[in-house]
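Enquirer: Below are the chains, spelled out letter by letter.
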Amino acid sequence: MAETPAFHGGGSAVEPSSSAARLRKIIPGREYWRGLRPSVAREYAEVFGLIGAVTWLGWFLPVSYHVFGHLYLLIVIALSVRVGRWPVFVAAVVSGVAWNYVFIPPRLSFSVLDIDDALLLGTFFVVALIGGQLTARLRAGAGRARQLEQRATALYYLTQALAAAKTVDEGAVSSLGQADDLFNARTALLLAPTEGRLVPHPASSLLLGDEELAVAETVRRSGRPAGRFTDVLPTGPVLHLPLRRGSEVVGVFSVNLGYELEQLSSAQRDLLDGFAAQIALLVERESLRAAGEREKILAESDRLHRTLLDSVSHELKTPLAVLRTAAEKLDTDDARKRASLVGEVRTATSRLDHLVANLLNQTRLESGTLRPQPDWCDARDLVASARRAVGEALARHALRLELPADLPLLRCDAALMEHVLANLLLNAAHHTPPGGAIRVHAGTDAVHGRIFLAVSDDGPGLAPELHATLFQKFSRGPRARAGGLGLGLSIVRGFMLAQGGDVAASRSVEGGACFTVRLPLADPGLVPSDEH
Amino acid sequence: MSDSAAKPDLLVIDDEVQIRRLLRLTLESAGYRVREAETGALGLNEAAVQRPEAIVLDLSLPDMGGLDVLRRLRDWSQIPVLILSVRGGESDKIAALDAGADDYLTKPFSGGELLARMRVLLRRAQPTGEVSIARVGDVEVDFAKRTVTRAGADLHLTVKEYALLRLLLQHRGKVVTHRQLLRDVWGPGHEEDTHYLRVHMANLRKKLEPAAGATRLVKTEAGIGYRLIDAG
Numbered sequence: 000m001a002e003t004p005a006f007h008g009g010g011s012a013v014e015p016s017s018s019a020a021r022l023r024k025i026i027p028g029r030e031y032w033r034g035l036r037p038s039v040a041r042e043y044a045e046v047f048g049l050i051g052a053v054t055w056l057g058w059f060l061p062v063s064y065h066v067f068g069h070l071y072l073l074i075v076i077a078l079s080v081r082v083g084r085w086p087v088f089v090a091a092v093v094s095g096v097a098w099n100y101v102f103i104p105p106r107l108s109f110s111v112l113d114i115d116d117a118l119l120l121g122t123f124f125v126v127a128l129i130g131g132q133l134t135a136r137l138r139a140g141a142g143r144a145r146q147l148e149q150r151a152t153a154l155y156y157l158t159q160a161l162a163a164a165k166t167v168d169e170g171a172v173s174s175l176g177q178a179d180d181l182f183n184a185r186t187a188l189l190l191a192p193t194e195g196r197l198v199p200h201p202a203s204s205l206l207l208g209d210e211e212l213a214v215a216e217t218v219r220r221s222g223r224p225a226g227r228f229t230d231v232l233p234t235g236p237v238l239h240l241p242l243r244r245g246s247e248v249v250g251v252f253s254v255n256l257g258y259e260l261e262q263l264s265s266a267q268r269d270l271l272d273g274f275a276a277q278i279a280l281l282v283e284r285e286s287l288r289a290a291g292e293r294e295k296i297l298a299e300s301d302r303l304h305r306t307l308l309d310s311v312s313h314e315l316k317t318p319l320a321v322l323r324t325a326a327e328k329l330d331t332d333d334a335r336k337r338a339s340l341v342g343e344v345r346t347a348t349s350r351l352d353h354l355v356a357n358l359l360n361q362t363r364l365e366s367g368t369l370r371p372q373p374d375w376c377d378a379r380d381l382v383a384s385a386r387r388a389v390g391e392a393l394a395r396h397a398l399r400l401e402l403p404a405d406l407p408l409l410r411c412d413a414a415l416m417e418h419v420l421a422n423l424l425l426n427a428a429h430h431t432p433p434g435g436a437i438r439v440h441a442g443t444d445a446v447h448g449r450i451f452l453a454v455s456d457d458g459p460g461l462a463p464e465l466h467a468t469l470f471q472k473f474s475r476g477p478r479a480r481a482g483g484l485g486l487g488l489s490i491v492r493g494f495m496l497a498q499g500g501d502v503a504a505s506r507s508v509e510g511g512a513c514f515t516v517r518l519p520l521a522d523p524g525l526v527p528s529d530e531h
Numbered sequence: 000m001s002d003s004a005a006k007p008d009l010l011v012i013d014d015e016v017q018i019r020r021l022l023r024l025t026l027e028s029a030g031y032r033v034r035e036a037e038t039g040a041l042g043l044n045e046a047a048v049q050r051p052e053a054i055v056l057d058l059s060l061p062d063m064g065g066l067d068v069l070r071r072l073r074d075w076s077q078i079p080v081l082i083l084s085v086r087g088g089e090s091d092k093i094a095a096l097d098a099g100a101d102d103y104l105t106k107p108f109s110g111g112e113l114l115a116r117m118r119v120l121l122r123r124a125q126p127t128g129e130v131s132i133a134r135v136g137d138v139e140v141d142f143a144k145r146t147v148t149r150a151g152a153d154l155h156l157t158v159k160e161y162a163l164l165r166l167l168l169q170h171r172g173k174v175v176t177h178r179q180l181l182r183d184v185w186g187p188g189h190e191e192d193t194h195y196l197r198v199h200m201a202n203l204r205k206k207l208e209p210a211a212g213a214t215r216l217v218k219t220e221a222g223i224g225y226r227l228i229d230a231g
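Same order as they appear, the protein sequences are chains H and Z. Sequential numbering from 0 applies to the first sequence in numbering that gives the first Met the number 0. Sequential numbering from 0 applies to the second sequence in numbering that gives the first Met the number 0.
To be clear, the hints were calculated from the coordinates, so they are not data collected in a lab. Yeah, the Cβ is synthetic: ideal placement off N, Cα and C, and Gly gets one too. Just so you know, not all the hints are guaranteed correct.
To be verified - Among the chain Z residues that face chain H by a calculated CB cut under 10 Å, a handful are:
#	residue
1	TRP75
2	VAL85
3	SER109
4	SER131
5	ILE132
6	ARG134
7	THR157
8	GLU160
9	TRP185
10	ASP192
11	ARG197
12	ARG204
13	THR219
14	GLU220
15	GLY222
From just these sequences and the hints, can you work out the full model?
Expert: Encoded structure:
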């Protein structure tokens, strides 16, 4: 028996793959936001530790106390390049005290200093002050460089996350997430639509009350920051920064800084501004994209309109031309010719009638004014009136009705259903050669609770490539006879959907096309019998 | 067509001059006298002064809706009214029929249809006296004996089926709305129970038109009502 290969879970935990999630994890710049405080306690520990160690060791060394004075000076010098201004000052004080108390005779008591010792002690402080100052300056320089680098890195990661974001929502989620981490605060993004109030983005972790929203509104109107650490309405804990695009304010970025933070350094402010600028860019990009999309839709509808205009004018002009020509020639004396002209006129008018009806129906569908009035209908009635509406177009086809006697009533809008069936019958007549058979059958589908009516023919059937666009407007079959706008099936579908039903196309048993319209099966309730 | 002495007087109320002209052409060639009015107000005035025998009324008029014209007309007159309406305006048609219009025609219509409707309207307007036997197709109804036969053989109709057939025969050639049928046969309060109507009408039809290919005696007007064919 062959062993089935087993798959072992190799303990490879799936890492969050989305770049936003990854970026949020390794977010830099947090130190930057919280200020550079390489633990002051550690520096003091270093100070006391070193001085204590030297003092303890020196206790056992049998050398002159002067040596210790210089040793302490060396320690202060050494510390002045390592620790901050205040620790080195403390180092000078502690060294002086230790030297005097421990080493200057008499040991373990303070003694009055002579001039040499006083000078040396003074040197401790001078060195501590100068060294501390220098170190502080150096450090500030290095710190600033590091801060700048970290700020750049933070913004770089933000930019990357935003660039990776495909939508404004994605961008908002990742940027607000980064902001929350970075500023260690709750943040909110408020978007400014062209009109109306600011809309908080759902990814915001900060919920703004009415008061704060009002402050945000002033930011939007003035284009200047407001709230905490500003001159405008600074009472609340939230700082609101405008998201500017040129002279326009596209939104507001709000950070709840809380009251613990006593002041905002210019570096912190820079970082916040950088964030706001990046988010503004994101919003701008999104609105540009939306504008582009609108443009595309406009172009598309423009194309549709052109198609409509082209085909409508063609479709209208053909029967009109027939009518005009026929009218001019009607005064002929030849009775046979006149009869044929009258026939042409009739065909042209019914074509026009059908065309106008479909155009109106399509318009009703698109304008959303269609209000189906469902009623109980008998399938036989519907088919009969549809047949009557189609009229002569069916004359050259054999129509077979297969409606079961026990078919339940349909719950539908009779007028809409008449259009639906008429369009399907006409469609079948147009796509099958004269003499073809058209079959209308009906039934119920108890499993899905539906009742269906199907119109099938023995024509050439539907080309597979047509299936995708079959029910779209202006879609016409390649073999469609001249005439028609390609609205028929689009209307069928629209009317069926409006009535809570649908339509499907398939291959008929006869090998032609089959269109099935389905409606939910409804129970009219008992009809009182009056059999006597 | 009619007696040369009494050409029936008709009034056409329509704002479209071409439609008026065409209606006049068709109706005059069939022996009617035609007056025209292009607004509802003029039409009402004309109807009051000239007392036509029937009115052709367009539902969309510039000054007042055709429905208003009809309602005001019905305040004082029972002149037969034929409504002209466009396709898709089913609710307008029903409203007009419920407001007392006698029948409707959907534009575009054929001249033949127009004349047939007009004949039915004018016949209805004439006092016909008591008709005890009516025929439609090969179906014969004896109102006095309450019997129905088809091709000589007795047809067994239920009470409701008989009532439906009788109502359609009374308005023969004219559309009878669902509401009207339901109210008259089932009584007030049943106007929305169209499924009663569908079921009984289907049964009635099965009895009147048994073969699939047979002439349909009862025509369905989608979304509006039923019409018994006029040709006897």
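Enquirer: Using 10 Å as the Cβ threshold, decide whether TRP185 of chain Z counts as touching chain H.
Expert: Since the shortest Cβ distance to chain H is 9 Å, the answer is holds.
Enquirer: Tell me if the interface restraint on VAL85 of chain Z is satisfied: Cβ within less than 10 Å of some Cβ in chain H.
Expert: OK, holds: VAL85 of chain Z within 10 Å of chain H, min 9 Å.
Enquirer: Quick one, is the ASP192 of chain Z hint okay against chain H at 10 Å, beta carbons?
Expert: holds (8 Å)
Enquirer: If you take the shortest Cβ to Cβ gap from GLU220 of chain Z to chain H, is it below 10 Å?
Expert: This interface hint holds because 7 Å falls under the 10 Å limit.
Enquirer: Can you verify the interface hint for SER109 of chain Z: is its Cβ closer than 10 Å to any Cβ in chain H?
Expert: holds (9 Å)
Enquirer: Against chain H, run the beta carbon of ARG134 of chain Z and see if the smallest gap drops under 10 Å.
Expert: violated (23 Å)
Enquirer: Holds or violated: is there a CB of chain H closer than 10 Å to the CB of ILE132 of chain Z?
Expert: violated (23 Å)
Enquirer: Once the shortest beta carbon distance from ARG197 of chain Z to chain H is found, is it less than 10 Å?
Expert: Holds - the Cβ of ARG197 of chain Z comes within 10 Å of chain H, reaching about 5 Å at its closest.
Enquirer: Once the shortest beta carbon distance from GLY222 of chain Z to chain H is found, is it less than 10 Å?
Expert: holds (4 Å)
Enquirer: Report holds or violated for the interface hint on TRP75 of chain Z, using the least CB-CB distance to chain H and a cut-off of 10 Å.
Expert: Hint violated; TRP75 of chain Z Cβ to chain H Cβ min 32 Å, cut 10 Å.
Enquirer: Does the nearest C-beta of chain H fall within a distance shorter than 10 Å of the C-beta of SER131 of chain Z?
Expert: violated (23 Å)
Enquirer: Identify whether the interface hint at ARG204 of chain Z stands, where standing means a beta carbon of chain H within less than 10 Å of its own.
Expert: holds (8 Å)
Comparing the model with each earlier hint shows violations of hints 1, 4, 5, 6; every other hint is respected.
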